[in-house]
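Visitor: With the sequences and hints as input, model every part of the structure.
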Amino acid sequence: MNENNTNKKNGSLDILTLAQRFSVPLMFIIICAICIPVSGLSMNMLLDEIVTRMGRNAFLILSLLIPIMAGMGLNFGMTLGAMAAEIALIFVSDWQIVGIPGMVLAAIVSVPISVLLGVFCGKILNEAKGREMITSYIMSFFVNGIYQLVVLYLMGSIIPIKHGAIKLPRGYGIRNTVSLLNMRQKLDNLLAIRIHGVKIPVATFIIIALLCLFIVWFSRTKLGQDMRAVGQDMEVARDAGINVDRTRIISIVMSTVLAGFGMIIYLQNMGNIATYSAHSQIGMFCIAALLVGGASVDRASIGNVFLGVILFHTMFIVAPKAGAVITGDSMIGEYFRVFVSYAVITVALIMYETNKRRQKKTAGQQLAQAQKEEAAGKEGEA
Amino acid sequence: MKNKRKLLFRIAALLIVLAVAGTMFVIGRGHTIYFDNKETSYNGQTVAPFYNVKVTVGDQKPAKLSKGDRGMADLMGQTLSVTLEITDSEGGTPHAHKVSMKVPYNMDGIAINVPALMAGLPQDAYLSEFVIKEPEPTAEDEEIVTDELENIGGDL
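Heads up: the protein sequence lines correspond to chains A and B, in order.
Residue numbers are given in my numbering: position 348 of the first sequence equals residue 348, and the series is strictly consecutive.
Residue numbers are given in my numbering: position 114 of the second sequence equals residue 114, and the series is strictly consecutive.
Please keep in mind that the hints were generated in silico from the structure rather than gathered at the bench.
Incorrect hints may appear among the rest.
On the chain A side, residues computed to face chain B include the following (Cβ under 8 Å) [claimed, not checked]:
(1) G99
(2) P101
(3) V104
(4) I108
(5) P112
(6) I215
Cβ atoms here follow ideal geometry from the backbone N, Cα and C, with glycine treated the same way.
Guide: As structure tokens, this is what we get:
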């Protein structure tokens, strides 16, 4: 009888723990369940939008997994990779390399810029251990300043830019919007199929699947295992002979390079570059999507990425329409979705900090208890 | 020995990447091709335009050119393969010609005079660079938007 009660208690506790663990995805499922019928969008249209956004964003969000593996939290510095990709795309547009070859060339050009920025970011983050997220966040603003200097003043004056369609009329600097019309959805349309009116960008999904396989394979390699070890405990990893700082830098470099590739996929889908703002919010929204998928600051999986993309972007699609139906003003929905993005990051950070403190407190209590017992044992012996 | 092999592998990888980049430069170079069905003169020889020309490049929408018309098509790579369906006179039967030619790498816009091409004239008679005239700058063009909150109301 007692055992039954204990089992029941354990069962309810488990459900409670699970509910706590997946509180954010659950909340989003509820929001979506309410907003979808209110928005009045047809299922086909909704599915089409979600599939498009999955192809557009999944690669970018997957780039966040490696730094989490290395215990560096959510890499707000992925913006650096996005900026590298934008610079590469500006060059490729100016050189008039179009279609898939243009994307491949942009990816190749973005790599050295991403690596340089990644090494820089990794080195700074090594100087700010334990405060990686805020440091990378602020660093993205700092590098954004350098990016603006390069794009607004150096391109066209020192860095050669030939085409007037890209350059500002004053002769230097890049226009607010650079057209990627000759690259637009070239990857998405490659091998694309339609199922009940829903376009499936097969080639994009193949690339995303390859990245997923790479991440799974990488986590089993020596370097991947080292990253896990560093993520669990840096001191123990260092004692085990792992070069902690180098491992952390590699994780950030990999994330930055992958974010650059992700940004190229993202921008080819959009068909243009908002030169001065495309990258600025990308980190925030990718991180929000990952957290919505049930990830936390120290734990994330490929499953979280896909669940996050589906839930977060469903909310993104239906919220403005639902807002317009409920309040008569679509801007309410717009503000709601932006507010939710920031809120989910805040909640995740609070939960992470609370758990860390709770664990520290529990460990302290256990240590005190053990010391007490040891002292009592010694007294007894005496 | 191990370090030397590592270095060799790195150099080989770098060379492969450079080769891929070089290939992309060639196969991905985009050109805008303008087809003219206009009268042209070369070394005192005058070539009259056709009554009608239907120009098809790849799977792009064909351009139908009457006398004096200009059509355009996008090209990726350095080889232009075009199908020309020419009608010489009103009510005449169109005859198709497949033409393939190399285009200059450094030209973004290329104007091809179809009658001169079909008359068998040299390349400098039927092919020329077409440069789009830049519009006059306006104050609006100079305004740069770097607003962080621009994404509110935008798309993701």
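Visitor: Work down the list of hints and note, for each, if the structure agrees.
Guide: Here's how the hints hold up against the structure:
At a threshold of 8 Å, the smallest CB-CB gap from A/G99 to chain B is about 5 Å, leaving the interface hint in force. A hinted interface residue such as A/P101 counts as satisfied when its beta carbon comes closer than 8 Å to some beta carbon of chain B; here the least separation is about 3 Å, so the hint holds. Hint on A/V104 holds. Least Cβ distance to chain B is approximately 5 Å, under the 8 Å limit. Nearest Cβ of chain B to the Cβ of A/I108: about 5 Å, under the 8 Å cut. The hint holds.
Below 8 Å, beta-carbon pairs count as interface contacts, and A/P112 has none with chain B, the closest being about 10 Å; its hint is therefore violated. The beta carbon of A/I215 comes no nearer than 21 Å to any beta carbon in chain B, farther than 8 Å, and the hint placing it at the interface is violated.
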